[in-house]
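Chemist: Sequence:
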Amino acid sequence: MKESLIELCNRVIDNYKKSKEDFRYDGEYINHFASLVYGNRNQEVPTKRIKEIRSFIKNNTSRMSYFRGDILYILSFLIANEENWKNITEKIILIYEELIEKGFKESHYLVLTSYAIVKYSKGKDVNYIINKTHYIYEDMKQKYDNVTNEEDHLQCALLALNDINTGELYLKMKGVFELISDFDMFSRNSVQGLAMTVLLNKKVEDLNIIYNLLKEFENRDIKISHQFLSIIGMINVEDGVQRYVDKVEMVIDYLCEVESQYEFYMDRSFRAFIAIMLIEFSKEVEEGRYLEELLSMGVYSFLVSKNQGVFSEVLA
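If you read the sequence shown in full-length UniProt numbering, its first letter stands for residue 1, the second for the next number, and so on.
There could be a bad hint or two in this list.
[Claimed, not checked] The calculated BS3-like cross-link candidates involving lysine-lysine, where the alpha carbons are at most 25 Å apart (straight line), are:
#1 K283 with K306
#2 K17 with K51
#3 K91 with K122
#4 K124 with K174
#5 K119 with K247
#6 K306 with K2
#7 K203 with K2
#8 K18 with K203
#9 K86 with K124
#10 K2 with K283
#11 K20 with K48
#12 K58 with K124
#13 K143 with K91
#14 K223 with K143
#15 K48 with K102
Think of the hints as simulated: they come from the structure by calculation, not from any bench.
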């Protein structure tokens with residue numbers, strides 16, 4: 001592995017240990033989320049500010065608000081590196097309320113959507129972004145009602161921020177649905193999410209790269225959870241599919257060797273996801289891949305799935 005990737009791995013491991021100590025009640029997966037975000041930012045997790053942000057959000061939203069629980073933890077990590085975090089937080093809450101007024105259903109995913117709009121709408125017409133986000137979602141809901149839901153809000157906003165029209169989207173979705181049809185482990189909603197992120201990734205000109213990458217993961221028994229499928233759409237495969245998956249295996253091996261938590265106490269699909277994120281974060285590429293936003297959505301969806309599984313076991 002390149003020295004820069006090793007250094008990133010070490011920063012992430014160190015931040016995981018700090019996050020686990022300072023935010024042990026957040027849970028393991030959010031601790032890993034925090035370690036990835038701040039490892040990528042080349043910063044130490046800012047414990048004091050994160051706690052201030054959480055108190056501020058609780059004091060400025062109702063007790064029944066969707067700005068609570070896991071999404072509160074995730075959001076606080078995302079904005080804690082901002083010096084003007086109070087102003088940003090107020091804007092996120094305001095945009096959330098405007099999205100509700102526009103007709104969106106309240107949800108934790110809509111909180112992440114509001115964050116993305118605030119982060120990327122500087123210098124743009126926010127009302128236009130909100131209206132276009134709503135139009136894209138409603139149009140998708142009408143065309144693909146059985147697979148479109150609140151999980152798509154964030155990516156609809158990212159498409160709106162890039163002024164992508166639904167015609168382009170449906171053409172890409174058709175190609176991705178046809179391409180991924182023989183992978184039975186992915187939900188149709190996750191495949192739809194993949195299509196949306198592929199459309200945002202200007203470097204993916206050939207959809208067969210996505211197919212070959214997923215096949216190579218499958219052949220090597222590297223599990224890709226459907227909650228993280230959209231991340232695959234943002235991967236830049238520079239040296240060929242096999243070499244890319246080689247890197248994923250090397251990162252997994254390194255993490256497990258240095259810190260036992262990655263080997264013995266983690267869902268293997270989440271471990272593969274961490275390795276992929278580390279590889280992508282280590283690349284010096286232009287802005288516009290929205291990796292932190294997709295990371296946030298993937299981790300939250302993964303937690304929802306885990307919690308639903310536990311709930312089902314209790315009821316069984």
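Chemist: Now, for every hint given, state plainly whether the structure supports it.
Modeler: Verification of the supplied hints:
Distance hint between K283 and K306 is unfulfilled; the C-alpha atoms sit about 30 Å from each other, more than 25 Å. The suggested pairing of K17 with K51 holds, with an alpha-carbon distance near 17 Å, which does not exceed 25 Å. Of the supplied pair hints, the one linking K91 and K122 holds, its CA atoms being roughly 12 Å apart against a limit of 25 Å. For the hint linking K124 to K174, the alpha-carbon distance of about 30 Å lies beyond 25 Å, and the restraint is violated.
Between K119 and K247 the CA atoms are separated by roughly 31 Å; this puts the pair beyond 25 Å, and the hint is violated. Annotation: proposed proximity of K306 to K2 is violated, straight-line Cα distance about 34 Å (limit 25 Å). Restraint check for K203 and K2: the C-alpha separation of about 22 Å stays at or below 25 Å, so the hint holds. Between K18 and K203, the direct Cα distance comes to roughly 36 Å. Violation of the 25 Å bound is thereby established for this hinted pair.
Proximity of K86 to K124 is assessed by CA-CA distance (about 21 Å); at most 25 Å being required, the pair is judged to hold. A threshold of 25 Å between alpha carbons decides the hint, and for K2 with K283 the separation of about 11 Å falls inside it, so the pair holds. Restraint check for K20 and K48: the C-alpha separation of about 14 Å stays at or below 25 Å, so the hint holds. At roughly 29 Å between alpha-carbon atoms, K58 and K124 are farther apart than 25 Å, so this suggested pair is violated.
Taking the CA atoms of K143 and K91, the gap is near 32 Å; set against the 25 Å cutoff, the hint is violated. With a CA separation close to 30 Å, the supplied pair K223 and K143 exceeds the 25 Å bound. With a C-alpha separation of about 35 Å, the suggested pair K48 and K102 falls outside the 25 Å cut-off, and the hint is violated.
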